[in-house]
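Chains A and B, in that order, are what the protein sequence lines are. Our numbering applies: residue 1 is where the first sequence begins, and numbers increase by one. Our numbering applies: residue 1 is where the second sequence begins, and numbers increase by one.
Calculated directly from the structure, the hints in this document are not laboratory data. Just so you know, not all the hints are guaranteed correct.
Said to hold, decoys possible - Taking lysine-lysine pairs in the DSBU-like style, the calculated list, with each CA pair at most 30 angstroms apart, reads: (1) A:K33 - B:K190; (2) B:K87 - B:K280; (3) A:K33 - B:K186; (4) B:K87 - B:K176; (5) B:K190 - B:K247; (6) B:K22 - A:K33; (7) B:K190 - B:K87; (8) A:K59 - B:K22; (9) B:K289 - B:K215; (10) B:K22 - A:K55; (11) A:K69 - B:K9.
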Amino acid sequence: MNIQFPALVALLFFPGGLFLLASGLVFEYIDRKLVARFQNRIGPRWFQPLADVIKLLSKEEIFPAGVVKSLFVALPVVALAAALTAALYVPLFGFRAAFNFQGDLIVTLYLLSMMTLCIGLAGANTEDRFSLVGATRALTQLFSYEAPFLLALLGPAIALGTWNISEINAGAGSQTWFILAQPIGFVVALVGLMGKLELPPFDAPEAETEIVAGAFTEYSGRGFALFKIGRDVELVIGLTLVASFYLGGFTNPLDFLWKTLALLLVTAALQSLFARLRIDQTVGLWWRVGVILVLLQLVVIIFGKLLSPVILPLVQSIFGG
Amino acid sequence: MDFNTAPEKFIVPIGPQHPALKEPGHFEFTVEGEIVTNATARLGFVHRGMEKGAEERTWIQDLYLMERVCGICSHVHALAFSLGAEKLAGVQAPPRAQAIREMVAELERIHSHLLWLGVAAHEGGFDTLFMYSWRDRETVMDLLETISGNRVNYSVNVLGGVKIDISDQQADEIRKGMDFLEERTKHYLKVVTEDETFLGRTRNIGVMDSELAVKLGAIGPTARASGLKRDVRYDAPYAGYGDFPVKVITNKKGDLEARFVVRIEELFESYRLVREILDKMPAGDLTVKVPRRIPEGEVISRVEAPRGELLYFMKSNGSDKPERIKVRTPSLCNWASVLVTAIGHNLADMPMILAGIDPCFSCNDRIVTVNRNVDSSQMDWEDLRRYGIEYYK
Numbered sequence: 001m002n003i004q005f006p007a008l009v010a011l012l013f014f015p016g017g018l019f020l021l022a023s024g025l026v027f028e029y030i031d032r033k034l035v036a037r038f039q040n041r042i043g044p045r046w047f048q049p050l051a052d053v054i055k056l057l058s059k060e061e062i063f064p065a066g067v068v069k070s071l072f073v074a075l076p077v078v079a080l081a082a083a084l085t086a087a088l089y090v091p092l093f094g095f096r097a098a099f100n101f102q103g104d105l106i107v108t109l110y111l112l113s114m115m116t117l118c119i120g121l122a123g124a125n126t127e128d129r130f131s132l133v134g135a136t137r138a139l140t141q142l143f144s145y146e147a148p149f150l151l152a153l154l155g156p157a158i159a160l161g162t163w164n165i166s167e168i169n170a171g172a173g174s175q176t177w178f179i180l181a182q183p184i185g186f187v188v189a190l191v192g193l194m195g196k197l198e199l200p201p202f203d204a205p206e207a208e209t210e211i212v213a214g215a216f217t218e219y220s221g222r223g224f225a226l227f228k229i230g231r232d233v234e235l236v237i238g239l240t241l242v243a244s245f246y247l248g249g250f251t252n253p254l255d256f257l258w259k260t261l262a263l264l265l266v267t268a269a270l271q272s273l274f275a276r277l278r279i280d281q282t283v284g285l286w287w288r289v290g291v292i293l294v295l296l297q298l299v300v301i302i303f304g305k306l307l308s309p310v311i312l313p314l315v316q317s318i319f320g321g
Numbered sequence: 001m002d003f004n005t006a007p008e009k010f011i012v013p014i015g016p017q018h019p020a021l022k023e024p025g026h027f028e029f030t031v032e033g034e035i036v037t038n039a040t041a042r043l044g045f046v047h048r049g050m051e052k053g054a055e056e057r058t059w060i061q062d063l064y065l066m067e068r069v070c071g072i073c074s075h076v077h078a079l080a081f082s083l084g085a086e087k088l089a090g091v092q093a094p095p096r097a098q099a100i101r102e103m104v105a106e107l108e109r110i111h112s113h114l115l116w117l118g119v120a121a122h123e124g125g126f127d128t129l130f131m132y133s134w135r136d137r138e139t140v141m142d143l144l145e146t147i148s149g150n151r152v153n154y155s156v157n158v159l160g161g162v163k164i165d166i167s168d169q170q171a172d173e174i175r176k177g178m179d180f181l182e183e184r185t186k187h188y189l190k191v192v193t194e195d196e197t198f199l200g201r202t203r204n205i206g207v208m209d210s211e212l213a214v215k216l217g218a219i220g221p222t223a224r225a226s227g228l229k230r231d232v233r234y235d236a237p238y239a240g241y242g243d244f245p246v247k248v249i250t251n252k253k254g255d256l257e258a259r260f261v262v263r264i265e266e267l268f269e270s271y272r273l274v275r276e277i278l279d280k281m282p283a284g285d286l287t288v289k290v291p292r293r294i295p296e297g298e299v300i301s302r303v304e305a306p307r308g309e310l311l312y313f314m315k316s317n318g319s320d321k322p323e324r325i326k327v328r329t330p331s332l333c334n335w336a337s338v339l340v341t342a343i344g345h346n347l348a349d350m351p352m353i354l355a356g357i358d359p360c361f362s363c364n365d366r367i368v369t370v371n372r373n374v375d376s377s378q379m380d381w382e383d384l385r386r387y388g389i390e391y392y393k
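Bound conformation, chain A alone (with noise of 0.2 angstroms):
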């Protein structure tokens, strides 16, 4: 749908700002209840992500003994205000971006890692052990998964010749779906944005047997709050980025819906499928899988777009085109 939204409203209300709030909250109780049935659970109940929100903003917020308490306060807004930043430049909810240029696939993969970043330095900035630990591998796993994850994105981006991401949702819906165009660079844009999120198996950073939260060990209220909700937002965007580059992009809420639902779908199934990967495991995986795979693509993607001119009139003449 072409409607555009004045930049102001796109930021504070539709459909970025609360909107998109509210829907990350409805995408997380739809993830969680997901894999709750898979695991043979009942699962929440339609509003407890809200009620777990509500809840904790309600919160006393405690600063532990040794923290920068400016950084332990600042670092949730940021991480939450980064993500919100990045859903102008996506077309969410299948209405135009609110803003967009050359480029922008860029600063939106950027300001989707501020996130990771924020994590790391919020388990960086308090004394427990816990966060220590965290935020190491937090910041590790930032490491392992971001190289293959933009990688995988800038496949669809360089095949249609463009870095803007309205661009390539629009050249994306015009001809055949990457999914099928490029497997291999969808398989790791979706394991690489679980990555991202550390959803099971990728949740490492956090593994509440080994480290309690990781770097959210000390975090409670607001702060644990606004980074639950940023994650949220970022589930929302990285589903709307994956589903717009690799299944033929959307032009109307509709559309919207049912891919990012679809994708979603898969993520569940994908958490309840593994046991949890050691973070050395997870840095192997993606170094020595899945970066190989997708530079390999790229290459097949650049060699084809540079013989086309080539080999199409080729074709053309010997099928009598």
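Using the hints, position chain B against chain A.
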């Protein structure tokens, strides 16, 4: 410039309160990066004074108390206690009672091993297996409730026999439950031996060869997973195990995977035993009379709990109260193996190595320290006393 070359030690504490632990215990893992270089354990957060309490109660009341030493293997504690008391009194429970005792012990093993499977999977972040195995465990819990009326403390034993009888209808229900569980267990065996991510967390982790297992005094499934054929049910049959013998399951590999496989294969053995007992249940009485005052004497009573050998030392002074009851639970013997095998592994492997021995905390209250730089020499009574005072300060 003067550098402090010795890196500062980074110790990750696990417990006494920690999501990985279902009961309080305290472990300190010294790590370099993610690699564990030293491990110590401190136990004794749930000391309940039960041995002392047993001296204040009569033999019959003690049966009730001893059943509550452990919440998971309640039956074997009561079984060890009543077998010991019967030996002191010079009586023997009738064959039917012994068979029922063995059957309940095996049902309890099934519930304990399924519980462990879930907990261990959860420690490795495999919550789906956790949820499924606990769902199926409900089957055996329901069976135990059907035959005894209770899910946890079945209170099947009395001195000189058992309280409950198995009717034909109950027997059919148990058979049906066993069939269902056997199907499910086959699936779990497939999961733990074939799932790639899970194998990545269990294969070659926490390896303990049979030599080391002997040295560390490992017992139960932990020892059997290291190739040691140690099983009281087989070595010194008690209750019905003479008539319905058990096949000892061992595995040579000694890693976490082997511990999974051994316990799951023991489940199959338990299903077979339960069926065999139901089919060939001896007829006859359920109890014999036991005197209220147990004659003077000492006895050691050993049974195989789900976690390994459970040992009771019992001393009677001829009155209706025991002089001394000493309980040595199986978890205690396996702590050393955790602390030794932990070294050199990732911090992420610690919860699974810990869970690998199926620890049960509230039944033991001692301290184990290994790999200390200083050699902890012998302690005499005075040192121990001082240590105890310091410890509880």
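Tested hints:
1. A:K33 - B:K190: holds (27 angstroms)
2. B:K87 - B:K280: holds (26 angstroms)
3. A:K33 - B:K186: Roughly 28 angstroms between the alpha carbons, so the hint for K33 (chain A) and K186 (chain B) holds.
4. B:K87 - B:K176: violated (36 angstroms)
5. B:K190 - B:K247: Satisfied, since the Cα-Cα distance of roughly 21 angstroms is no more than 30 angstroms.
6. B:K22 - A:K33: The given pair, whose Cα atoms are some 26 angstroms apart, holds under the 30 angstroms limit.
7. B:K190 - B:K87: Judged against 30 angstroms, a Cα distance of about 43 angstroms means the pair is violated.
8. A:K59 - B:K22: holds (27 angstroms)
9. B:K289 - B:K215: Violated, because 43 angstroms separates the two Cα atoms, which is more than 30 angstroms.
10. B:K22 - A:K55: At roughly 26 angstroms apart (the allowed maximum being 30 angstroms), K55 (chain A) and K22 (chain B) satisfy the hint.
11. A:K69 - B:K9: holds (27 angstroms)
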